[in-house]
Amino acid sequence: MKPVALLKSIAGPLVAAALALTLLTAWTASGQAGSAPKLSISDGRVHLATNADATSAYFTIRNSGAANDELTAVTTPITTDVGFSFHTYTGYAGRMWMTKSLPIPANGLLGMTASGANIMLGNPPKLTPGETIPFTLHFRHSPPIHTTAVVIRPGTWTPAKSS
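698 is the number of the first residue of the sequence shown in the working numbering; add one for each residue after it.
FYI, nobody ran anything at the bench for these hints, they're computed from the structure. Glycine residues also receive a C-beta, built at the ideal position from the N, C-alpha and C atoms.
FRET-style restraints, in silico, Cβ to Cβ:
(1) Pro822 to Ser737: 21 to 31 Å
(2) Arg850 to Thr785: 19 to 29 Å
(3) Thr772 to Lys705: 54 to 64 Å
(4) Met795 to Pro831: 18 to 28 Å
(5) Val779 to Ser732: 26 to 36 Å
(6) Thr787 to Thr825: 29 to 39 Å
(7) Asn748 to Trp794: 11 to 21 Å
Could you build all of it, start to finish, from the sequences and the hints given here?
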């Protein structure tokens, strides 16, 4: 193969590699490479079941990191029937739907409420107000977090004050 033909055949891949290296260097220099979610959990609570079929659990999940994450699963020793739901209300009319995960935005939070996102717990055992329930929250990009939630009567919870 002639030297000119050889140079022409490697020019395309060489330019592509140089461009990729330049873009990766710029991405790293901007602080975006390797950024990760940084999650913390607070305000864990479980509603005292008003019927034998289901109840809900709620947490506030803060993400102080620069990348989005998702809550993908929850485990607890009180039931294996666990799912995620969203509730929306217009006036007195409400709508609920199930979802496979709950988003946690970068530098934001997922604040679960009875009238928003929450964790559905099917077939719960008899619970007592003040009882503490262990949970493990599983995420798409972060390691699992072990936490607890206190059983409360619906409508009695007041969020912790931030300082």
